[in-house]
Structure formats: C-alpha cells, structure tokens
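Here are the chains, one letter per residue:
Number of protein chains: 2
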Amino acid sequence: MNRVGSKAAHPTKCLWPALRSTRPAASVFLGVPPLFLYAARMHTLNVELGERRYPIYIGSGLLGRTDLLAPHIPGRQVLVVSNETVAPLYLERLSAALNGFRQHTVILPDGEQYKTLEVLNRIYDALLQNRCDRDVTLIALGGGVVGDITGFAAASYQRGVNFIQVPTTLLAQVDSSVGGKTGVNHPLGKNMIGAFYQPRCVIADTATLNTLPDRELSAGLAEVIKYGLIRDAGFFAWLESNLDALLARNPDVLAYAIERSCRNKAEVVVEDERESGQRALLNFGHTFGHAIETGMGYGAWLHGEAVATGMCMAARLSQRLGWISSVDVARVDTLIARAHLPTQPPAELDAARFLDLMAVDKKVKDGRVRLVLLRGIGESVVSGDYDPVQLRASLERDTQQSGARAS
Amino acid sequence: MNRVGSKAAHPTKCLWPALRSTRPAASVFLGVPPLFLYAARMHTLNVELGERRYPIYIGSGLLGRTDLLAPHIPGRQVLVVSNETVAPLYLERLSAALNGFRQHTVILPDGEQYKTLEVLNRIYDALLQNRCDRDVTLIALGGGVVGDITGFAAASYQRGVNFIQVPTTLLAQVDSSVGGKTGVNHPLGKNMIGAFYQPRCVIADTATLNTLPDRELSAGLAEVIKYGLIRDAGFFAWLESNLDALLARNPDVLAYAIERSCRNKAEVVVEDERESGQRALLNFGHTFGHAIETGMGYGAWLHGEAVATGMCMAARLSQRLGWISSVDVARVDTLIARAHLPTQPPAELDAARFLDLMAVDKKVKDGRVRLVLLRGIGESVVSGDYDPVQLRASLERDTQQSGARAS
Numbered sequence: 001m002n003r004v005g006s007k008a009a010h011p012t013k014c015l016w017p018a019l020r021s022t023r024p025a026a027s028v029f030l031g032v033p034p035l036f037l038y039a040a041r042m043h044t045l046n047v048e049l050g051e052r053r054y055p056i057y058i059g060s061g062l063l064g065r066t067d068l069l070a071p072h073i074p075g076r077q078v079l080v081v082s083n084e085t086v087a088p089l090y091l092e093r094l095s096a097a098l099n100g101f102r103q104h105t106v107i108l109p110d111g112e113q114y115k116t117l118e119v120l121n122r123i124y125d126a127l128l129q130n131r132c133d134r135d136v137t138l139i140a141l142g143g144g145v146v147g148d149i150t151g152f153a154a155a156s157y158q159r160g161v162n163f164i165q166v167p168t169t170l171l172a173q174v175d176s177s178v179g180g181k182t183g184v185n186h187p188l189g190k191n192m193i194g195a196f197y198q199p200r201c202v203i204a205d206t207a208t209l210n211t212l213p214d215r216e217l218s219a220g221l222a223e224v225i226k227y228g229l230i231r232d233a234g235f236f237a238w239l240e241s242n243l244d245a246l247l248a249r250n251p252d253v254l255a256y257a258i259e260r261s262c263r264n265k266a267e268v269v270v271e272d273e274r275e276s277g278q279r280a281l282l283n284f285g286h287t288f289g290h291a292i293e294t295g296m297g298y299g300a301w302l303h304g305e306a307v308a309t310g311m312c313m314a315a316r317l318s319q320r321l322g323w324i325s326s327v328d329v330a331r332v333d334t335l336i337a338r339a340h341l342p343t344q345p346p347a348e349l350d351a352a353r354f355l356d357l358m359a360v361d362k363k364v365k366d367g368r369v370r371l372v373l374l375r376g377i378g379e380s381v382v383s384g385d386y387d388p389v390q391l392r393a394s395l396e397r398d399t400q401q402s403g404a405r406a407s
Numbered sequence: 001m002n003r004v005g006s007k008a009a010h011p012t013k014c015l016w017p018a019l020r021s022t023r024p025a026a027s028v029f030l031g032v033p034p035l036f037l038y039a040a041r042m043h044t045l046n047v048e049l050g051e052r053r054y055p056i057y058i059g060s061g062l063l064g065r066t067d068l069l070a071p072h073i074p075g076r077q078v079l080v081v082s083n084e085t086v087a088p089l090y091l092e093r094l095s096a097a098l099n100g101f102r103q104h105t106v107i108l109p110d111g112e113q114y115k116t117l118e119v120l121n122r123i124y125d126a127l128l129q130n131r132c133d134r135d136v137t138l139i140a141l142g143g144g145v146v147g148d149i150t151g152f153a154a155a156s157y158q159r160g161v162n163f164i165q166v167p168t169t170l171l172a173q174v175d176s177s178v179g180g181k182t183g184v185n186h187p188l189g190k191n192m193i194g195a196f197y198q199p200r201c202v203i204a205d206t207a208t209l210n211t212l213p214d215r216e217l218s219a220g221l222a223e224v225i226k227y228g229l230i231r232d233a234g235f236f237a238w239l240e241s242n243l244d245a246l247l248a249r250n251p252d253v254l255a256y257a258i259e260r261s262c263r264n265k266a267e268v269v270v271e272d273e274r275e276s277g278q279r280a281l282l283n284f285g286h287t288f289g290h291a292i293e294t295g296m297g298y299g300a301w302l303h304g305e306a307v308a309t310g311m312c313m314a315a316r317l318s319q320r321l322g323w324i325s326s327v328d329v330a331r332v333d334t335l336i337a338r339a340h341l342p343t344q345p346p347a348e349l350d351a352a353r354f355l356d357l358m359a360v361d362k363k364v365k366d367g368r369v370r371l372v373l374l375r376g377i378g379e380s381v382v383s384g385d386y387d388p389v390q391l392r393a394s395l396e397r398d399t400q401q402s403g404a405r406a407s
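Protein sequences appear in the order of chains A and B. Residue numbers for the first sequence follow this note's numbering, so the first one is 1 and each next one is one higher. Residue numbers for the second sequence follow this note's numbering, so the first one is 1 and each next one is one higher.
Isolated chain A, as found in the complex:
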C-alpha cells in the first residue's frame, strides 16, 4: 500500500501512501518527491495535445514569475481579466511580472451569475477600445468563471488569440483551467455557449489558496474527489486519509492533490479533447449539478457544491441500478460531508423540475439523457442505458428527503 495510484483493496488502511516510505519514486508518478517537500518545488505537467500542447506549472509563488509567463506571450500587448475579489489580492504582483508588456485590465464582478454574454461583451469592448490586435494575449486571473469567460473571449476575438490561465481557486486549479472548455451560461442552460480552446499555459500558484474562503476551498475539493471516484481508487483512498490535512490547508498535501487531479484530467483530455467519448466521464455529478445551478439561479450554489450533491445523487442512482453497494455510497456521502459539502439537493427543486432541467444538458443525445454512473469507487461509465423509471424514483427519493429536511 505504499504506491500512489495503486488500487486500494482496503482503503481505510491506505494512510499517506508513498509519503513515509523510504523507497524513492516507486510510483506511477515518476519523480514524485516526498510529500513533505511537495509544495517547495515547482511541478510541470504537459498536456500532450500535439500542436496545442501546453504546460501546467504548479507551485507556490509562481504568479510573479516573468520567466514562466513571458515565453508564452508572443506579442507585446496583454489584457488581464480578473474579478473584484481577486484583483485587489493578486493583480499587482501579476502586473509587475508583466512589466515590459503593454498591459490592459478588465475587472469583472464576482460570481457565476456574471458568466453571461453581456459580461463577455465587456471584454470585447476593452480589447477594441485598446486597439488590441491578433497578437494580444488574454490572461485570466481568477477562478472558474473568469477562466471560462476569458477563454471564450480569446477563442472568439478576431477568431482566436493567445490565452493564459492563472487560476486562483482550488476548483479552477484542478479543473476548469485545464482541458480547454471555455464559455458562458444561458438563462436556460449552463455552459451552453462556448468553445474548445486550449491555453498557451496554466500557472497554478498554490500560494493563492491561502486567501481562499473555506466555502470555496470545499467547492474545489468536490472536483478533487471526483477524480478519485471516476478513475483513481487509490486517490480516493488517499483523500479519505488526508482530507483533514487538505481542509487545514497543509501546503504539501494541497500541492500533491492538485497535481494528481490535473494529471488525471490531462490523461482524459489527451485521449478525447473534444469529448466524443471518455471525456464525458469528467462530467460525473455534473448533469444533476447543472440542474441545481440553473434551477436555483446561477451563483446561489457554488459549482463545486452542486457537483458534490450531484455525485451523491449519481452514486445513489448507481446503487439503485445494482451497480455499486451501499458501502460504496456511504463512502461517497461520508467523504463529501467531511469536506463540508452538501449531499442532498435543495428543497426548492422537485423530481419533475430536475428531469426538466436535465433534459437540456449537453450530454443529451437524441432526446435521451446520458449520465455518468459508478460501477465502483474509481470506476465510471457514461450511459443512457438505464431504466428511466429508476432515475425518476431516485430523484423522487432524493428530493423528498430534501423536502422533509427543509420542513
């Protein structure tokens, strides 16, 4: 049990795997340092997408490193997009690192409810008012919303300009900044307008997590847990052992979780960049989660919170279909609750409303909602081949429990 990434037959025994071992690097992650030194050095992951290949730099204090930024900026102009929360904390340092470039800035309001076409248009306005040409580089400094909207601006301004992601939330560092999904929401559906568009590089400065509110940290953990559930049982077990250290923001443990999450994501994306197949597994919990986000109004629930609940709902449906055991469901529920994340949907949405909202999901194919479901911890499938009666029954039980809890 001392190899990171190995299958954990007895997950409860899997404490700090590979970390206290005296054997070096007997790991699926070659060159992995001892965990207690993890945060001290920079890690580089390359996402191997041919001519769209790009590096993810992970480490503390990377935000201010001109040597990482400059090689990925081909022109002389940059436009930094950030939000009202993040800009006061980190814009100055990033700006200093960009000394020598002609800099422009757009500060957006903070929140999922601003990931709209109208707010996107503010970025276009700034680009045109500042006479930015095709050599401009857009830099997204912030969380998932800033990254998604800036990425789509980069994909569509003059039919495509350069783009760098500097994610400052755990969720953005492990998920939304990696893989090239960009876009904005529509009142009728989340992420319905967008493009696949890869950044030139991703700079994940783990030191920015020190200022992250607890609620945002938990939301990010939802996506971290997701990687364990869909394809990395060893990681899930490691999370069961290390969740308290993550919540306590132990920098080594956080940096390790970020790298392992990004590596999992990168492996999936490289195999299926445009989501014609296996990439859909990354949407585990998301079809339920998007229904919550859209149904409750964007911004009411954080994306990670909605996904956390969605993963619990998907696990319970998987159990109802006889694909996983009640023990597995309990492990999912327990870990998510320990991460201070919700496991039950909001009382405001009933089963009929869920079905209605889920019908506009991007995974719908010829009218049939395909779901990511579990075959075990660390094993998932994309399937439209389930009994719809079971889906409805599962939703009814989930939402009745919420209703009972609320009343």
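These aren't lab readings, by the way, just hints derived from the structure by calculation. Mixed in with the good hints, there may be bad ones.
Since copy identity is lost for identical chains, a pair holds within one copy or between any two.
[Unchecked claim] Calculated pairs, DMTMM-like style, for lysine to aspartate or glutamate (alpha carbon to alpha carbon, straight line, at most 25 angstroms):
1) K365 / D125
2) K365 / D135
3) K365 / D387
4) K365 / E51
5) K365 / E84
6) K365 / E273
7) K365 / D244
8) K365 / D350
Chain B: place on chain A using the hints.
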C-alpha cells in the same frame, strides 16, 4: 485563348474562352462543360480540409434536393435560420426537402446592422427553447449575414454543432459561405467576434439569384472581380468580356463565374485554413472596405459595395507605390464601375478617420496595418512594408475627390 484560366496577354480579345471551342475540356478545370450548358448540371467542388473536408454543390434548383441535404444531417433535429426577405421566397421549399426531420425556424431581420451579439442570442434562445441537443444541425438560408451569424452560432452552441450553408445571394455563394469564417460585428469593428468553423456542405442554388435585387447582384460581383484581381488574370479578362452577360443574369455565365470563384477561394483556403499567411489575400479591398462599413454604420453600404471601393483604393495606392501601371488601375476602375459599383469612398469619411478605422482591422500586427496590394492584374501581396506617408497621401486624394464630388 481557348483555355479557361490561362493567362490573358490581351484581355480584350479574350471572348468567352473555351466556350465556342470544339475541343473538349482542354482546361484547367477538368470536365468543364461547354458554357452554354453550364447551368444545366450540378457541379461539385470539394474543399479538401482533411477531416473537415466538405463539398460545395453548385446548380439550379438544388435547394429542394433532400438527396443532397440529408446525408449531411447526422441527427433528427434541424434549426433553419433565415431572414425576413429570404424566408418568404425559399423557406417552404427547403422545409419540404427536410421533411422527416424535426424542424425549427428562426427568422432574423435583414441587414448587416443585425449581425450582432444580441441577434446571435436569438438563435441560442431558439435552440434552447426547442431543447436542441448536440446532434442538431443548423442550416443557414440567406446571404452573408445569415451565414456568418448562423455559422458562429453553430461553432459556439454546446461548443460546436453541425452546420450547413444554403447561400441565396451571389456574394454568399462565391465568398462568405465558403471557407469557414463565421462571426458577428462589434460597434467598433467588423467581424471582430467569431470563429473558423467549417460547414458540412454548401448548397449554392443558382436559381435563387433570379430574385436577387440588382444592387445585391452587383455587390456579389465585387467579390467575383476580387478573385480575378488577386490571383486569376484569365478570369479577370473573362469578366471584362462577360460582365454584361452576368448583369443580364445569363444562367450559364453566372454558374460558371460562381464555380470559378469558389474554386479560387477553395484553393486558397485549403493552403491556409486559419489565415496565417496567403489566405489574407482574400481580404483584398477589405481593410478599406471595413473602414467604410464601420464608419458609415453597418448596413448603409453593402459589404460588396464597400469592398469594390476598397479594391479601387488599394489599386490606386499600389500605383502610387509604383507597383502597377495607370493602365491597370483604369482596368480595375472601369470593370467595377461597369458592374454598377462605387469606385470612390463616401464623402463623409476623411483620411484621418480612415486611418483611425483601419487601425482596428484584423490584419494589424504589432500596430502596423498590413494591406493587400497589387503587383499586377491577377497578382497580389500582403504587405506592411510600404511607406505610411504614401498611404496617407493616397487616402487624402481619394477622400478629397469624394468631397469635391459631393460638394
């Protein structure tokens, strides 16, 4: 002088080349029929872009052919986008050909001033209200505006869905429907927001040109003339000989001009899909033209009218630089005037305003406006390597002449 596409040393002698010859197909266009039979059969041009390869079907009455449409529609749902002018004329026939598919329709207002983010959003609304999933096929039935905006909707809805172009104007048939440029305008610059996105097929029904207003026919001829000027001297000479027949809507002559234009465009696009080099030649006249369109307000001048004037302005600048002769300039001016197109910019714009508007063009690179200029009839270059004083002088002369004419 009986081979289509050959260099014309004495263009005025180049009357109906290849048409009255008894020798079959001694032509760069293999299998070309005698011109007097040209419109009677369908021509298929394949744009060879690897996995994005697609056919352009050219011929009379193709709009109603299920056998051409259906193989390019992978799902069961289609959304037809048209405008208030074209829909009453052709929507019913297209709709009949799509019998068997679940059909939705969006009718946009007609005109360049509606190629905006707001109008684009109406397409997203319709897609979501009708629960269109990733298997939906968007069909653009109309001119360049409908094609550009629908193409961008297809590129960005759920990060990319299927798309078919059914162009009904000469300009769209020879230019905007071919090559994958999609997008909308911004108040500060034309086509500033968009994507490269290829259709599944293009269906150019030449019979739709019978209902085209004269002004629109002329606007389309501007782009036809462009192909002659930038890369096909033989075609330019052929146009000098056949312009009256084109204006009289001789179906054989029109069909031949459309195919030769599309072939020229396809050859350029295949070499440089994303405009990193030679594709910029297709923008001959466009940097000046876009300045006119933006400066006068979208819709005041038709795109083809602005491009026609822009080509004359580019030719005059080329002469000022000593690259072409006054005889060449006269040939350009004469042919464009014969096509009932303007050769002088509007009196409302002076040289300073032109320079200002041209500075936001997509061909600007590190602050320098690159222009497409002529080295001869049928020979063009993209260049930022000209004396800016000459550009200003040329603009001043052009705009003073307009001012004098207007006063």
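Against the structure, the hints:
1. Taking the shortest Cα distances, K365 and D125 sit within 25 angstroms of each other only across copies (19 angstroms), while inside one copy they are farther apart (36 angstroms).
2. In this homomeric assembly, K365 and D135 come within 25 angstroms of each other (Cα to Cα) only across copies, at 7 angstroms, whereas the closest approach inside a single copy is 38 angstroms.
3. For a Cα distance limit of 25 angstroms, the shortest separation of K365 from D387 inside one copy, 16 angstroms, qualifies, whereas the shortest one across copies, 57 angstroms, does not.
4. For the homomeric pair K365 and E51, the shortest alpha-carbon distance between copies (22 angstroms) is at most 25 angstroms, but the shortest distance inside one copy (30 angstroms) is not.
5. Taking the shortest alpha-carbon separations for K365 and E84, neither the intra-copy value of 38 angstroms nor the inter-copy value of 32 angstroms comes in at or below 25 angstroms.
6. Proximity of K365 and E273 under a CA criterion of 25 angstroms is satisfied intra-copy only: 19 angstroms inside one chain copy versus 30 angstroms between copies.
7. In the homo-oligomer, the alpha carbons of K365 and D244 never lie at most 25 angstroms apart, since the shortest distance is 40 angstroms inside one protomer and 52 angstroms across protomers.
8. Within a single copy, K365 and D350 get their C-alpha atoms as close as 23 angstroms, which meets the 25 angstroms cut-off; across copies the closest is 55 angstroms, which misses it.
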